[in-house]
Amino acid sequence: MSGPVLDVADLRVSYTSQSVPATVLSRVTITIGAGEAVGLVGESGCGKSTLALAVMRALPANGTIEAGRIAVAGTDVLALTDHQLRAWRGSAAAMVYQDPTSSLTPTLTVGEQVAEVFRYHEGARRRAAAEAAADILAQVGLTPPRQFLGRYPHQLSGGQRQRVVIAMALAVRPRLLILDEPTTGLDATVQAGILDLLESLRGEFIDALLFITHNLDLITRTCDRINVLYAGRVLESGPVVDVLTEPGHPYTAALLACVPRAQDRAASVRLPAIPGSPPRPADMPPGCTFAARCGLATTACETAEPPLGSYRSRAPDARLRQGALGLAGTAGQGGGPARPGTADWLVRCIRAGEPASASPPPGSAPPPPSTEVLLDVHGLTKRYADVIGCDDVNLVVHRNETLGLVGESGSGKTTVARAIAGLAPADGGEIRWHDSPLAGRVARRPRDVARGLQLVPQHPDTTLNPRRRVGAILARAVKRLRGDLPVPELAAAVRLDAHHLASRAHQLSGGQRQRAAIARAFAGRPELVICDEPVSSLDVSVQAVILNLLADLQAERGTSYLFISHDLAVVRYLAHTVAVIYGGRIVESGPADQVFAGPRHPYTELLLTAAFRPGAGGAARPGAGGAGRPGAGGAGRPAAGGAGRPAATADEPGPATVTGCVFAGRCPVRVGSVCETEPPPWREPQPGHRIRCHHPAFAVAAVPGIQPSNGDTVLVAPGDG
Amino acid sequence: MTAIIQADTSAAVAGRARAHGTLRYLLRRPAFVVSAAIALGWVVVAIAWPVLAPYPPDQVHPLHAFGRPSAAHLLGTDWLGRDVLSRTLAGSSSVLVLAPASALLAVAVGTAIGLTAGYYRGTVDMVLMRITDAVVTIPGIILDVLVLASFGRSELVLVLVVAAGFAPLVSRTVRAAVLAERERDYIDAARLRQEPAVYIMVAELLPNVLPPILVELTIRLGYAVFAVATLSFFGLGPQQPSPDWGLTVSLGIQYVQNAPWIVLAPAAAIGSLVVSVTILGDEIRAAVER
Amino acid sequence: MLAARRRPVSMRGLRGYVLRRMLLVPVTLLVVSLIVFALAQLVPGDVGRAILGPYATAAQVHRLDAQLGYDRPLLVRYWQWVTGFVTGNWGNSPVLQVPIRSLIAARIGNSLLLAAVAFVIVVPVSVLLGVLSGLRPGSQADRAISVTGLALLGLPEFVGGTFLLVIVGVLLHWLPTTAQAPPGSGLATRLHYLLLPALALVPVLLGYLSRMARAGTAETAQAPFIRTATLKGLPRRVVLGRHLLPSALLPTLTVVSVQVSYLVGGLVVIEELFNYPGIGKLFLDSALTHDIPTLADITMLLAAIYLIISLLADIGYALLDPRIRLAPS
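Chains as they are written, first to last, in the numbering used here: chain A, -1 to 719; chain B, 8 to 297; chain C, 14 to 342.
Hints were generated in silico from the structure; no laboratory data involved. Check before you lean on any hint, since a few could be wrong.
Stated by the list, open to error - Quick partial rundown of chain C residues pointing at chain A, CB under 7 Å, derived from the structure:
#1 Arg114
#2 Ala118
#3 Arg120
#4 Gly122
#5 Leu247
#6 His256
#7 Pro259
#8 Ser260
#9 Leu339
Computed from a prediction, not measured in an experiment: that's the story for all the values here. Ideal Cβ positions, reconstructed from N, Cα and C, are used throughout, including at glycine.
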């Protein structure tokens, strides 16, 4: 093996803001060998994107590389002249980053943008470049490529755009490909398609890969080695399987632990959360950057920053595995310097590998859901100008119950939430509250409904009025909602103290703001709280704190939740019952355990496979995926639509104006033309577990007589399939 | 827990520093300091000109008409022999009353319209915006002249009409800010508490759209000076024998071949005021949007 | 001023957009006519008195009112005025006793020529300065261009015009100080005479347009797609010419209508300052002689011109921007 493709050594990068420099990366060393895929994982603000930009020498104007070395395939990147740099970018190293919506030039066709790479790097003539562009588009699954060459970016879906960006990056076969959060913002199923694509391109098209993400799951799927970045430092580096099975650094261990596991339920356990938040670049502690949040920290941790030392797992099976892989000899226990380009396992901790804490803390069990119906939504329908927001949605929430509403972006889940809350009234259907009908607009509802039905919104950055102190916001909520708890006690219930009450939103972290929003919703002892993706924009470690809090509040007060999320792991942890929404229609609903155990609607199946891929997560994330396909009628892997290549053309929810099944266009187990022409029937494979599908596998216990209110006729012909 | 508190304390300090920082940032900008000094200087002159002017501004000396700049008359004399320097100093008072009055009125009215249209949207918004569109369609100066010609020339009408021309522009800015702001989750929370609309507009929205309103005020001030001076130049503002700058330029321009100093002095005065106010407005905008 | 750049939002594809945009013109014009009518015809009360002055007898005033139609009901008067305006039947100027149409027709050419000369000077210079400035935000050159542009933007035309007149015309004798060439001169001579007034129109437009171009350039330079293009290893000229400038300068097109608005105001001032027989001078003279019908018709005409130019600008934008041109219908 020749030298490493990427060799970053002792890199230090700082940003200057208002003439105050702050170090965002410190002593970062990362090597990637030929053919190797290396993951870089970290929470927001840890400096992972800065690293990518530094490698491409594309730091913003206020960023400086202060020390260290960056070499790609032996070329000293920092020594390149501007002219050399231009030729080097795109041909030796290429980068794909987040936000495919704005990473393509809006005024040029896709074909022109891809062809440019060939024209300026290989001097190809216009026609030859266009041919080459068509070839590479086909390689990334945009088939037939002729159809895509002449399109403009706005005519493509998010997933398709990201494929175009990948095509441009790979066009002239760079040695190093950097992917910076390439699937963030895409739906789980689209994300799965992109990951499949990357997998299929490894080897032939992709040589060395640096994969940057906040999502540990993605690393396990794509990478051989992992680097864990925290507050600008690499805290742990090693083979993916080893690090994720037996993490050496307490931070890695804590990160892994705070994601809900398959068997975790809010009724019995709380998630092991990481207290506090990462230090800001401006005031880094002198010792270990994680010490302040670490359960194992000693005084030694707080005074001196530990070195990145070699590590071998204390667990015998892991050592065995290392031995079996023939890697054990390369690193002595706590011994000498690491050799680049090998599978060394390095940890920056003096107490590496010590067990952090015992099993997850038990939670006080909430009272079991009662049979008393709190909210009954029937036939809820809303149309926007030319899109269906939601169509004939039926939901029931009982007292003390959590209903998880699961769907991808654009599925209509937020439309449902806002209609129930009375913020954007539906066009049709009925909302019953305590068995009496509810006005569409919140302003027309009785005062005690406003008190009993509250909302925790999605965006921690806009949830609080930035001009007001948290204490004043809560006081107003208590006053308007006639709460019985004084503000300090209300704050204490969400673990906010007097100091937070005197702060304004911008002085709080995302998690603290979300806690204040929860306190505001609970000001008047609500009976039902709608949680609209309350943790989706928070880092994993903060997510756990919020989920625990919601579980505790339910246990203490018996509040019901309508919990809206795209994250199946989170829903499985919190929800008693689950409804899956696609294209504005509920396609499956039932008790959470039954929905996750199967049989499942093909769409639910697709979501689950995308989220918990069999085998990929190893012991860290066993998932429920892969277990059951819809009865006997399962067809191949649902994520792949066409022949081998993921079907990119249909990778996002289509227009919702359909007469048949909304999912027919993407369905891997489509029965036939009936899926397009006839609305699917509700089937009930288990009592209370209902699936809306034509597939005969569900026909065992079909439920006749359920008539969608929008005029659809349910056909439950026995010989349906 | 100590970690949280430490982190938050530093954040709180940063927050306070940001508010103070805007002023400190501005004071470090030479463009701001120079233009603020000039504008402030004219405010002082507008108040204290009776003390500063070497001659009474309307003291007529027919024998000294068209006097070149000299030791006795630093900027020369005009067609009636009046001292140009004294008249230029005294001429500051009319524009420095009329322009701020118009700008303040425009921003007050425009804010009210913008808040209402942005919060209610729907029909209210549509009607208000159609009227606004129509007013914007008529070039400002044309509208001003039309009204002053039909209502008669008075300084009150002048203030009202300049304000009426600007208010739709202000209301558009405020409306855009409100439309963005009302989509935020804290407004949903207020609606879920069944807060009255007036409370949401005044207590929740208004404080959050203050920065663009402040920017509008400073920018409109520059434009008000522009409009008031131009209308005076048309003879539709203060009338003779007022030493008003625009009026003086329009009367003196016929002597420009032989006595250019008569128009140069008031023109330079308007130029320095309007440019300093415009730059001031832009500096404040940049600082607020920073 | 630097009004939020308007980007037409497409709902139902290009054709729907253009249709809706075109429908907006008569609607807005209708509202304008109501405003103009209210301001010009309702409030003054006694038009005859205003025209004839304080020494006319009540009978004379009454006769003039009747002759001008001011004794008829409001709705009738509004209807007659609007239909008259639309059909080109603009009536006589009560002050000058000549058809308003011929008054305007004799002058509008002069104004258009003056405006055209100013535009030809302004557009290339300001776009060049704005792009240069926007490519290096915060640099010395950018600050100099920005502050100068801002100063020019705030300077009333009659002030800048006075300086130009005194310095270039009176002191340096580089250009004639009157705007009108001697009768019978060729186009070259006419343009030579027009240069000074056109230059006096330039500053405000230059300030505005260069700042728009700068803002568009600086903002687009920050866009992720520019980073994509740079990291693809494209030469800088390709990044600028193919990727940056089309997106950066498109929005500037939509503010052409604002330019027209400034230009009209400027024409009134400059034509007055240089005593140039254009439509602006006619407008101001009508204002000073209380010739309200002429004022009202000129205002309507200018509003219609403004609306048509901004319509053309928006349609041009829609045609040039694929996001609107190819929006799904």
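Against the structure, the hints come out as follows:
1. The restraint placing Arg114/C at the interface with chain A is violated, with a minimum CB-CB distance near 44 Å, outside the 7 Å limit.
2. Look at Ala118/C: its Cβ only gets to about 42 Å from chain A, farther than 7 Å, so that hint breaks.
3. Hint status for Arg120/C: violated, given a least beta-carbon distance of 41 Å to chain A, over 7 Å.
4. Of the supplied interface hints, the one on Gly122/C is violated, with its beta-carbon coming no nearer than about 38 Å to a beta-carbon of chain A, more than 7 Å.
5. Look at Leu247/C: its Cβ gets to within about 5 Å of chain A, closer than 7 Å, so that hint holds up.
6. Hint on His256/C holds. Least Cβ distance to chain A is approximately 5 Å, under the 7 Å limit.
7. Satisfaction of the interface hint for Pro259/C is found here, the shortest Cβ-Cβ separation to chain A being roughly 4 Å, below the 7 Å cut-off.
8. For Ser260/C, the shortest C-beta to C-beta distance to chain A is roughly 6 Å, which falls under 7 Å, so the interface hint holds.
9. Proximity of Leu339/C to chain A holds as hinted, the smallest CB-CB distance being about 6 Å (cut-off 7 Å).
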